[in-house]
Amino acid sequence: MSKQRILIFSTAYLPFIGGAEVAVKEITDRLGSVFDFEMVTARLDSKLPVTQRLTHNFVVHRIGVGNRLDKLRLYFEGVKQARTLGKFNVVWAVMASYAGFAALRYKKQNPAARFLLTLQEGDSKWHIYKRVWWCWWYFKQIFKRADHIQAISTYLAAWAKQLGATCPITVVPNGVDVKSFILSVEDKRVRYRESLRDELCLPKNAPVIFSASRLVPKNGIGDLIGSLLFLPATVHLVLAGDGALRGSLGVLARQSNVAARVHFLGHQDPDNLPALLWGSDVFCRPSLSEGLGNSFLEALAAGVPVVATPVGGIPDFLQDGQTGLFCAVNNPKDIAEKIKIILSGDALRGLLFENGKKLISQKYSWETVAAQMKQILV
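Residue numbers (the numbering used here): 26 to 403.
A hint or two may mislead.
Stated by the list, open to error - 25 Å max Cα-Cα, derived DSS-like pairs, lysine-lysine: (1) LYS72 / LYS105; (2) LYS213 / LYS50; (3) LYS112 / LYS365; (4) LYS169 / LYS186; (5) LYS72 / LYS150; (6) LYS28 / LYS150; (7) LYS243 / LYS105.
Said to hold, decoys possible - Beta-carbon label-pair distances, calculated as ranges: (8) VAL354 / PHE41: 28 to 36 Å; (9) SER58 / TRP159: 21 to 29 Å; (10) ARG30 / GLN347: 38 to 46 Å; (11) SER58 / TRP161: 38 to 46 Å.
No wet-lab data here; the hints were simulated from the structure.
Here a beta-carbon is modelled for each residue, glycine too, at the ideal position from N, C-alpha and C.
Could you put together the complete structure from these sequences and hints?
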């Protein structure tokens, strides 16, 4: 019996790394015995090959010449390219963006193919509306014509219904590479703490807040820097990530007289993140909007207490006082108060440590996620 063929439309794909791209890789790697996948995506970089076989069951076809206009070309040329690849059982759109428009067009031309829409959006509804208001009616067709929607959070599932989806909607979250983030021997955590402080030239016992975040408005990093004004001078903030706000956040730290306590590490290879988490005391990202938040899940897997805002998909996994602490949105003082509670409470840290790791192991491993996606794709 031949495998089912799945056509994936994605606006970007590896080596461009985001939560959606990682999810596709982890899922397709685990479902290769059941499905054959072919992806059509924007090229975005002229150095990337036009066609590339990544695994025995996964071929990527890149559209365009290697610039930002390739996202628009995906809609027109991508569908044309897909028609040359044969028949598919399922067309899978990764997010309701350029890829969603391309999948919608393909579905209209190939109505027998089931249309699966994955929602991974992390921006606010207003931010998304500002980008697509001029084609709002057509944008909503992505949701209305889907045969099944997979949302990574209950927040996004509700959004799909608001935009007119009448098909089945299943919440399947992103996962975590549990083996990479759980320390095999807890005694090693002391060594990672010392190593991080030595690398940053910090006092041996300096409390460290860590955040792995793109430096963009929605992640609230300015509020996190502002929280240092309400925390003891011994507390330091370590930021892994880059983005459009890098310069202005540096200015904010200097103007707030906390620049010596804010450490910008820039973009980090994913392989570096476990050690950074193991060396930290608290993970915090006071988001203004969030589809789910892979970085929070990784922190929980690593055994690091989490402080987060109750927005978007975060309440799906963060239960206040059980798997983390909630802080108010746009409120540096409240952020600081919640961080103080964690830093001063050994019993609470132990509870969050155990509950967080248990939650990730039971619900957020990639093996669990892939098994759920298999049921949707068959």
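Taking only the CA atoms, is the gap from LYS169 to LYS186 under or equal to 25 Å?
holds (9 Å)
For the pair we were handed, LYS112 and LYS365, check the Cα-Cα distance against 25 Å.
Violated. LYS112 to LYS365 sits at ~58 Å, over the 25 Å cutoff.
Quick one, are LYS72 and LYS105 close enough, alpha carbons at most 25 Å?
holds (22 Å)
Against the 25 Å threshold, does the CA-CA distance of LYS243 and LYS105 hold or violate the hint?
Violated - the C-alpha atoms of LYS105 and LYS243 are around 35 Å apart, more than 25 Å.
Has the hinted range 38 to 46 Å been met by the Cβ atoms of SER58 and TRP161?
Cβ of SER58 to Cβ of TRP161: about 41 Å, so the range 38 to 46 Å holds.
Take a quick look at whether LYS72 and LYS150 sit within 25 Å of each other, Cα to Cα.
violated (34 Å)
Per the hint of 28 to 36 Å, is the separation of the Cβ atoms of VAL354 and PHE41 within bounds?
Given range 28 to 36 Å: holds, Cβ gap about 29 Å.
Using the C-beta atoms of SER58 and TRP159, is the stated range 21 to 29 Å upheld?
violated (44 Å)
Does LYS150 lie within 25 Å of LYS28 when you go C-alpha to C-alpha?
Judged against 25 Å, a Cα distance of about 38 Å means the pair is violated.
When you check the alpha-carbon spacing of LYS213 and LYS50, does it fall within 25 Å?
Violated, at about 30 Å.
Quick one: are ARG30 and GLN347 within 38 to 46 Å, going by C-beta?
Holds, at about 43 Å.
The structure is inconsistent with the numbered hints 2, 3, 5, 6, 7, 9, although it conforms to all the rest.
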